[in-house]
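There are 2 protein chains.
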Amino acid sequence: MSLNLTILGCHSATPRVNAFPTSQYLEINNRHFLIDCGEGTQRQMRKYKVGFSKINHIFISHLHGDHFYGLVGLLSTYGILNREKDIHVFGPVGIKKATLLMLKISQSHAKFNIIFHELSSSESELIFEDDKVIVRTIPLHHRVYTNGYLFTEKEKPRKLNMLNISGYQEIGKADFLNIKAGKDVILSNGEVVRNAELTIDPKKPLSYAFCSDTSYKPDIVPIIKNADLLYHEATFLADRTDLAKKTKHSTSFEAAQIAKDANVGELIVGHYSGRYKDISLFQKEAAKIFKNVSLSEPGKVFSID
Amino acid sequence: MSLNLTILGCHSATPRVNAFPTSQYLEINNRHFLIDCGEGTQRQMRKYKVGFSKINHIFISHLHGDHFYGLVGLLSTYGILNREKDIHVFGPVGIKKATLLMLKISQSHAKFNIIFHELSSSESELIFEDDKVIVRTIPLHHRVYTNGYLFTEKEKPRKLNMLNISGYQEIGKADFLNIKAGKDVILSNGEVVRNAELTIDPKKPLSYAFCSDTSYKPDIVPIIKNADLLYHEATFLADRTDLAKKTKHSTSFEAAQIAKDANVGELIVGHYSGRYKDISLFQKEAAKIFKNVSLSEPGKVFSID
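If you read the sequences in order, they're chains A and B. When you line the first sequence up against the working numbering, it's residues 40 to 344, in that order. When you line the second sequence up against the working numbering, it's residues 40 to 344, in that order.
Check each hint, because a few of them may be wrong.
Same chains, same names: a pair is fine if it fits in one copy or spans any two.
Unchecked claim - Computed cross-link-like contacts, PhoX-like style, restricted to lysine-lysine with a CA-CA straight-line distance of at most 25 angstroms:
#, residue 1, residue 2
1, K88, K135
2, K339, K86
3, K93, K285
4, K171, K86
5, K330, K256
6, K143, K284
7, K316, K88
8, K256, K287
9, K327, K150
10, K171, K222
11, K219, K150
12, K284, K150
13, K93, K150
14, K287, K150
15, K86, K222
16, K150, K285
17, K93, K256
18, K287, K143
19, K222, K212
20, K143, K285
Derived from the structure by calculation, the hints contain no laboratory data.
Please put together the full structure from these sequences, using the hints given.
Spelled out as structure tokens, the structure:
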């Protein structure tokens with residue numbers, strides 16, 4: 040069980056030489072996800088050595104260009120690379136029509152299927168589940184329909200307490216699957232050995248919450264409660280709370296308030312406005328109310344074991 | 040009169056860390072044009088200090104992603120920058136619908152008009168003319184409908200030969216406009232002074248031909264004859280002429296053949312396939328039959344006075 044998050048881009052929309060729009064690569068419990076896909080994401084993937092073929096699921100928060108204008112280029116490249124595996128794209132209603140039209144006029148003939156999962160609910164919903172990971176939406180509040188995403192590892196089976204098990208000659212390998220599943224064991228003399236004696240708690244499932252773009256929205260706190268890692272946009276500092284409100288973005292202070300109220304393990308801020316030359320101010324402002332805060336930077340990797 | 044061409048990107052489609060898809064910035068006779076707009080073009084414009092607001096005309100050769108997936112991002116950025124001036128976009132039929140749909144779902148509300156000039160002719164046609172420059176299409180042959188573009192300075196008025204003029208006391212400033220327009224002067228004694236005596240030839244109008252992407256197509260030679268500068272794609276070397284034919288691209292040898300037959304002043308090759316690690320081979324191959332050949336590289340500027 041592990042979680043590795045690679046920041047591919049973390050700046051707001053205005054293009055600058057050393058600014059890259061939002062995109063992240065998440066490895067969680069051996070699943071590989073791309074989150075948002077601003078223009079130039081495929082180049083950032085090459086730069087930071089993200090394996091193109093590993094990714095089967097792409098999650099787009101909203102349809103502003105700095106979060107999705109790189110999608111069609113990436114899909115087109117998958118065609119050039121002769122991809123054959125299905126790819127799943129999650130995002131707001133409208134993403135399918137626009138993406139398919141762009142691919143069609145480019146005559147990008149692909150051998151793979153693109154399966155779109157268009158979102159429109161204003162409630163948090165389960166949108167992906169397999170045997171390793173589940174993904175829920177985090178409804179956000181921005182100028183257009185927007186979702187964050189909560190990625191959570193599936194609960195693991197209980198772990199065998201081999202020291203205690205070895206005290207019972209009668210208990211053998213044939214029992215292990217049942218014991219991991221939480222069952223008690225009944226010995227031949229009728230004695231019941233409680234599961235709690237035979238197992239130890241598995242590691243807590245890890246979770247990552249991605250929240251961009253959004254105004255300060257405290258009602259997401261119950262959804263992301265106790266997440267191990269939270270990325271929350273901080274386009275502005277508190278000195279421009281007025282502008283954050285107007286443009287439906289957050290300040291670094293507000294991101295920290297969400298992190299504190301949700302009791303997350305670590306906060307990452309990003310989506311910095313181009314008006315700020317000294318990015319470290321975002322860290323300093325958030326740290327006043329939430330200690331464990333980091334800055335997102337292209338190429339930076341956040342790992343939790 | 041001058042011509043400055045800045046290469047913004049010059050590689051073929053497959054993304055690599057140090058590869059940038061086709062885009063060029065052309066200054067010709069005080070007009071400022073963007074030619075093709077692959078993904079990431081706006082970032083390259085920032086890097087090489089191309090003034091966003093100077094550009095009023097964008098010419099797209101064809102709708103493959105590596106030549107136009109950066110267009111919608113650039114137009115969206117013009118909205119963020121509060122552009123108010125019209126912008127003209129020339130390109131194949133289909134470009135308008137796809138671009139407007141992408142901008143619409145992103146809710147990119149712009150104050151400026153985008154005026155699309157959709158092309159579909161297979162003959163060379165005049166598509167732009169003002170008092171400084173004219174632009175003609177160069178019909179190319181690729182897997183999709185494609186045009187190159189020929190940019191030519193307008194003929195300049197004749198220049199005054201002040202040494203000769205000073206020999207005629209009677210000829211003054213009031214006559215200069217007529218003389219520049221090529222008229223003779225009739226003196227008070229009835230003597231006719233021929234214009235050829237009073238003027239010298241103006242500088243030859245400069246021209247730039249952009250040809251990408253295309254298979255070897257000798258029938259473009261009359262259109263680009265005697266151009267001062269020719270960019271011609273060279274995706275492959277002659278060792279892969281088979282692949283060039285199959286994918287409807289050119290070899291460096293073929294680009295040079297076109298340059299030679301058209302008697303251009305200088306050839307620039309580009310659009311190199313990722314399979315070649317040593318780009319200098321493109322220069323060497325072309326130079327065997329056409330001496331004045333250069334390699335395109337991001338940031339390189341070609342100037343003619």
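Status of the hints after comparison with the structure:
1. K88 <-> K135: neither (28 angstroms within a copy, 35 angstroms between copies)
2. K339 <-> K86: For K339 and K86, both the intra-copy (12 angstroms) and inter-copy (23 angstroms) Cα distances are at most 25 angstroms.
3. K93 <-> K285: For K93 and K285, neither the intra-copy (39 angstroms) nor the inter-copy (30 angstroms) Cα distance is at most 25 angstroms.
4. K171 <-> K86: neither (28 angstroms within a copy, 43 angstroms between copies)
5. K330 <-> K256: Within one copy, since 21 angstroms is at most 25 angstroms while 65 angstroms is not.
6. K143 <-> K284: between (39 angstroms within a copy, 23 angstroms between copies)
7. K316 <-> K88: Between copies, since 19 angstroms is at most 25 angstroms while 28 angstroms is not.
8. K256 <-> K287: Within one copy only: 10 angstroms inside a chain, 53 angstroms across chains, cut-off 25 angstroms.
9. K327 <-> K150: neither (52 angstroms within a copy, 41 angstroms between copies)
10. K171 <-> K222: within (22 angstroms within a copy, 86 angstroms between copies)
11. K219 <-> K150: neither (42 angstroms within a copy, 63 angstroms between copies)
12. K284 <-> K150: between (45 angstroms within a copy, 23 angstroms between copies)
13. K93 <-> K150: within (17 angstroms within a copy, 41 angstroms between copies)
14. K287 <-> K150: Classified as between; 21 angstroms across copies, 40 angstroms inside a copy.
15. K86 <-> K222: neither (48 angstroms within a copy, 63 angstroms between copies)
16. K150 <-> K285: between (44 angstroms within a copy, 19 angstroms between copies)
17. K93 <-> K256: neither (33 angstroms within a copy, 41 angstroms between copies)
18. K287 <-> K143: between (34 angstroms within a copy, 19 angstroms between copies)
19. K222 <-> K212: Only inside one copy: K222 and K212 sit 14 angstroms apart there, 108 angstroms across copies, limit 25 angstroms.
20. K143 <-> K285: Answer is between; shortest inter-copy Cα gap is 21 angstroms, intra-copy 37 angstroms.
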